[in-house]
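Chains as they are written, first to last, in the numbering used here: chain A, 1 to 271; chain B, 1 to 271; chain C, 1 to 271; chain D, 1 to 271.
Hints are computed from structural coordinates only; laboratory data are not their basis. Not one of these hints is a red herring.
With beta-carbon atoms standing in for the labels, derived distance ranges: (1) D:161 x A:267: 30 to 36 Å; (2) C:173 x B:2: 43 to 49 Å; (3) C:253 x A:172: 39 to 45 Å; (4) B:164 x A:32: 43 to 49 Å; (5) C:202 x A:150: 47 to 53 Å.
Facing chain B, from chain A, some residues (calculated, C-beta under 8 Å): (6) 129; (7) 144; (8) 151.
Non-contacting residues of chain B with respect to chain C, defined by C-beta distances greater than 10 Å in every case (computed): (9) 18; (10) 43; (11) 93; (12) 95; (13) 157; (14) 158; (15) 165; (16) 169; (17) 176; (18) 180; (19) 188; (20) 232; (21) 247.
It should be emphasised that the depicted structure is a prediction, and the values quoted were computed from it without experimental measurement. Where is the CB? At the ideal position from N, CA and C, for every residue including glycine.
4 protein chains.
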Amino acid sequence: MARNRERFTAARRQMEVGMLSGAVGTFAHCDPRVETLACARLGLTPAPISTQIIQRDRHAHYLTTLALIAASIERIAVELRHLQRTEVLEVEESFGKQQKGSSAMPHKKNPVSAENLTGLSRLVRANAGAALENVPLWHERDISHSSVERVIFPDSTILVDYMLARLTRVLDHLVVHAGRMRANLELTHGLIHSQQVLLALTRAGVAREAAYRWVQRNAMRSWEEHTPLAELLTADPEVTGVLSAAALAACFDLAPHLAHVDTIFARVFGA
Amino acid sequence: MARNRERFTAARRQMEVGMLSGAVGTFAHCDPRVETLACARLGLTPAPISTQIIQRDRHAHYLTTLALIAASIERIAVELRHLQRTEVLEVEESFGKQQKGSSAMPHKKNPVSAENLTGLSRLVRANAGAALENVPLWHERDISHSSVERVIFPDSTILVDYMLARLTRVLDHLVVHAGRMRANLELTHGLIHSQQVLLALTRAGVAREAAYRWVQRNAMRSWEEHTPLAELLTADPEVTGVLSAAALAACFDLAPHLAHVDTIFARVFGA
Amino acid sequence: MARNRERFTAARRQMEVGMLSGAVGTFAHCDPRVETLACARLGLTPAPISTQIIQRDRHAHYLTTLALIAASIERIAVELRHLQRTEVLEVEESFGKQQKGSSAMPHKKNPVSAENLTGLSRLVRANAGAALENVPLWHERDISHSSVERVIFPDSTILVDYMLARLTRVLDHLVVHAGRMRANLELTHGLIHSQQVLLALTRAGVAREAAYRWVQRNAMRSWEEHTPLAELLTADPEVTGVLSAAALAACFDLAPHLAHVDTIFARVFGA
Amino acid sequence: MARNRERFTAARRQMEVGMLSGAVGTFAHCDPRVETLACARLGLTPAPISTQIIQRDRHAHYLTTLALIAASIERIAVELRHLQRTEVLEVEESFGKQQKGSSAMPHKKNPVSAENLTGLSRLVRANAGAALENVPLWHERDISHSSVERVIFPDSTILVDYMLARLTRVLDHLVVHAGRMRANLELTHGLIHSQQVLLALTRAGVAREAAYRWVQRNAMRSWEEHTPLAELLTADPEVTGVLSAAALAACFDLAPHLAHVDTIFARVFGA
Numbered sequence: 001m002a003r004n005r006e007r008f009t010a011a012r013r014q015m016e017v018g019m020l021s022g023a024v025g026t027f028a029h030c031d032p033r034v035e036t037l038a039c040a041r042l043g044l045t046p047a048p049i050s051t052q053i054i055q056r057d058r059h060a061h062y063l064t065t066l067a068l069i070a071a072s073i074e075r076i077a078v079e080l081r082h083l084q085r086t087e088v089l090e091v092e093e094s095f096g097k098q099q100k101g102s103s104a105m106p107h108k109k110n111p112v113s114a115e116n117l118t119g120l121s122r123l124v125r126a127n128a129g130a131a132l133e134n135v136p137l138w139h140e141r142d143i144s145h146s147s148v149e150r151v152i153f154p155d156s157t158i159l160v161d162y163m164l165a166r167l168t169r170v171l172d173h174l175v176v177h178a179g180r181m182r183a184n185l186e187l188t189h190g191l192i193h194s195q196q197v198l199l200a201l202t203r204a205g206v207a208r209e210a211a212y213r214w215v216q217r218n219a220m221r222s223w224e225e226h227t228p229l230a231e232l233l234t235a236d237p238e239v240t241g242v243l244s245a246a247a248l249a250a251c252f253d254l255a256p257h258l259a260h261v262d263t264i265f266a267r268v269f270g271a
Numbered sequence: 001m002a003r004n005r006e007r008f009t010a011a012r013r014q015m016e017v018g019m020l021s022g023a024v025g026t027f028a029h030c031d032p033r034v035e036t037l038a039c040a041r042l043g044l045t046p047a048p049i050s051t052q053i054i055q056r057d058r059h060a061h062y063l064t065t066l067a068l069i070a071a072s073i074e075r076i077a078v079e080l081r082h083l084q085r086t087e088v089l090e091v092e093e094s095f096g097k098q099q100k101g102s103s104a105m106p107h108k109k110n111p112v113s114a115e116n117l118t119g120l121s122r123l124v125r126a127n128a129g130a131a132l133e134n135v136p137l138w139h140e141r142d143i144s145h146s147s148v149e150r151v152i153f154p155d156s157t158i159l160v161d162y163m164l165a166r167l168t169r170v171l172d173h174l175v176v177h178a179g180r181m182r183a184n185l186e187l188t189h190g191l192i193h194s195q196q197v198l199l200a201l202t203r204a205g206v207a208r209e210a211a212y213r214w215v216q217r218n219a220m221r222s223w224e225e226h227t228p229l230a231e232l233l234t235a236d237p238e239v240t241g242v243l244s245a246a247a248l249a250a251c252f253d254l255a256p257h258l259a260h261v262d263t264i265f266a267r268v269f270g271a
Numbered sequence: 001m002a003r004n005r006e007r008f009t010a011a012r013r014q015m016e017v018g019m020l021s022g023a024v025g026t027f028a029h030c031d032p033r034v035e036t037l038a039c040a041r042l043g044l045t046p047a048p049i050s051t052q053i054i055q056r057d058r059h060a061h062y063l064t065t066l067a068l069i070a071a072s073i074e075r076i077a078v079e080l081r082h083l084q085r086t087e088v089l090e091v092e093e094s095f096g097k098q099q100k101g102s103s104a105m106p107h108k109k110n111p112v113s114a115e116n117l118t119g120l121s122r123l124v125r126a127n128a129g130a131a132l133e134n135v136p137l138w139h140e141r142d143i144s145h146s147s148v149e150r151v152i153f154p155d156s157t158i159l160v161d162y163m164l165a166r167l168t169r170v171l172d173h174l175v176v177h178a179g180r181m182r183a184n185l186e187l188t189h190g191l192i193h194s195q196q197v198l199l200a201l202t203r204a205g206v207a208r209e210a211a212y213r214w215v216q217r218n219a220m221r222s223w224e225e226h227t228p229l230a231e232l233l234t235a236d237p238e239v240t241g242v243l244s245a246a247a248l249a250a251c252f253d254l255a256p257h258l259a260h261v262d263t264i265f266a267r268v269f270g271a
Numbered sequence: 001m002a003r004n005r006e007r008f009t010a011a012r013r014q015m016e017v018g019m020l021s022g023a024v025g026t027f028a029h030c031d032p033r034v035e036t037l038a039c040a041r042l043g044l045t046p047a048p049i050s051t052q053i054i055q056r057d058r059h060a061h062y063l064t065t066l067a068l069i070a071a072s073i074e075r076i077a078v079e080l081r082h083l084q085r086t087e088v089l090e091v092e093e094s095f096g097k098q099q100k101g102s103s104a105m106p107h108k109k110n111p112v113s114a115e116n117l118t119g120l121s122r123l124v125r126a127n128a129g130a131a132l133e134n135v136p137l138w139h140e141r142d143i144s145h146s147s148v149e150r151v152i153f154p155d156s157t158i159l160v161d162y163m164l165a166r167l168t169r170v171l172d173h174l175v176v177h178a179g180r181m182r183a184n185l186e187l188t189h190g191l192i193h194s195q196q197v198l199l200a201l202t203r204a205g206v207a208r209e210a211a212y213r214w215v216q217r218n219a220m221r222s223w224e225e226h227t228p229l230a231e232l233l234t235a236d237p238e239v240t241g242v243l244s245a246a247a248l249a250a251c252f253d254l255a256p257h258l259a260h261v262d263t264i265f266a267r268v269f270g271a
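Could you build the full structure based on these sequences and the hints that come with them?
Printed below as a string of structure tokens:
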């Protein structure tokens, strides 16, 4: 979203131009100084050159930027929809006290906002395509873009405003099930730590090919037999021949995954 | 347009289905016969299988068909815009007695309808893209298509209806300048007949490579010096060594281009 | 897919036309019968009317049809990806005996084919958009479509062929975890049967509003406290005042969901 | 193109990031300093946060920027195609001495490069749409974008490079028919000056409505009867009652259209 804000600022700045250069852009009946004065009153910069119109690459730049913002919102919406599905259930969209569920199924709490946002992004994306088609006008000034822009400009700007507001509301009131997050991590019987085992083996001198083979055969069995990976590795003589019980246990520690969290936050949000 | 009508009929037929199969499509609470009866009342066929929704490939098929119709209208609109440009001027959109021209330029009669139709096609095309994105719903039944269809369905159906009506009006009242058509043909100093000369030479036994060279050198000169091609060919001894004056003159006859017009009309519109 | 086959047949049929009507479509140098004969040799029908080219709405129809097929494949691929995620795990793409997992994580068995197919559909969809832009050519015969079609025709036809083959392979070897399907159904503590309870209450004379309220309050508690819905309803005097223990138990039967399976199969695949 | 260069610089800068943060972006097995060092060696900045992948809004930004550049090239190509048509003929693509014309028509010099560029822009535009669909990946890191990017990245970057080179070559060798430009201006019998007459009348005190009516009736007649507008106005007593012969003649001067050309050039290219 920081990137999108930067993109939007650039897209907006290059759009904030005006023109008053006459029907063919020659200032034949109106001095360029009038354009400068009029634009200043409107908070605009004069377009350095114009025809009957301002060139539509500016508008397409603006609308593709809105499509990028919409797609970024969609990415978050897709994430929320995944996290809310019954089998995952790590988050839930807030459900008002008075709010009724699905008409057929009283228990259902659907990710209605996230689904709505996912769809709306398709509209903004489609409109960006139409905006790009508006660029190659005949003689740099036919009027075929006009009927298009009467739809895509209000639709896209209103939609992105709505999407930003709705996403903010969803995130502000998001119900987060931290316990479920940990439980889901544990669903894999420790398989999420397989890479740490692989690295520990290679650091202990095992050739990577062999280490991979050892880990994979235990990982596969763990997966198929729903047995903790740590247990299987502890019973594998080739593995225990190289890694001590303590070294093996250390591989199943979540701590390394959390060690750099503060660094990452500082990189994104500043110190 | 005959093809589009056939496409539309197929697209409409596959859309005219209904469903009443319950929240997960199992008819758990409602016998399939109820669906059959309800659909019959609505003039619909029951979808053979459905989930909470009817699958969106049907709707995408419908909207891509509208985009094909819109693009075909756009093709005609682009043709009219070309034919109306000042330097060509073979047709003009009718201009009402009371209608004012451009606000700045009282003489201007712009192809406003054709430009409008060109733009609107971009909207219908963009909506078809959004409809295609609606097909891969999660578990064949998420609701993300809903926010999209609330826009693209009314917009695309209304737009195509409007476009068809507006195109019909334009064509009904189109001003055709037949004299200008002939004049434009003559702009080329007879170059449009160069292929007939080429064929006449090869039929008279000249190797195609040589014939091409002879015609091209005269064609180029005709083009650059604004001299009738027939005149230059008549003065070219290599050409006249093979083609008599009468044979050469016959190459500049428009008749062969018109000989099969009735055949073509019969093929398109029936005998 | 049955619908797609029908669409493809229609799209293919309308594409299988040829033309040999000369540079401006007038048959000036070549009798229409030559076109008929030549087309017959190629298994084509003559286009009833043509310019220098065959009109591009035919090609756009063909490519939007491929995009519909690709989107339908994408829908199945999205379904498989969902079903394969660790927390759901109802199916898995087959994993060859010799196949290595992720390079970093030896245990990982990703839905690589389904993800690949999901992406490829975006390409075919994008190409359909370009094909639609090819329709409004200048004077119904400029050559701007040529550079486009050299890419989108081989790309889209090869991609859809590849996608169909790859999807078939995935489905042929799909590992299905039926036990896990049942387990996932049970994850909801019986909430999936809430609609049956609601209907039973209303059939027993409870006003729908009240019935909804009774079911919802128990459904909510079941969801939040991870308690079987049946248990909670059995302890709710308002509910048990209307429904007997047997009537309540009947609501939690899966049988009604399976009662019409054979009917549905017969509707889709024939008796 | 100056705007496009600025857009490209911004798009490129935000793409030039790298990541080495591990399979889930936690730096679990590799200190962030390694990422910083590795990126520095590659001339990249570390992405402040990453998952298994770098977020695809960056790539979509890059590809929509290429689509903007392609659309701007298309705009110029469309202009050249218009200017080259037989009835306009203000410019021509250069035609090599050895180059053959159309195989059927030896005289034809088609705007082959401009038509090619028009088509290629559709491909780059379509690819930008696919890039936007790549943004909302599952859990911010599925791999469905991979199969898409293997096509759209090489295709779009190579195409835009080719388009820029080809457009440059066309413009470097463009044949400009200045005489024909003047002749085309005169095709309108002076109607292009109607706005100057309108303004002169209003400046002389005629109400705008009346002035418009006077000019339009003469403009219409000029257009329909192919008579110079100046001649008709000179014979219109209402007009001559207000404007002297000299004042009327001044309206038909091209000079005001050229008065600010240097100002415009300075605004675009610098003093």
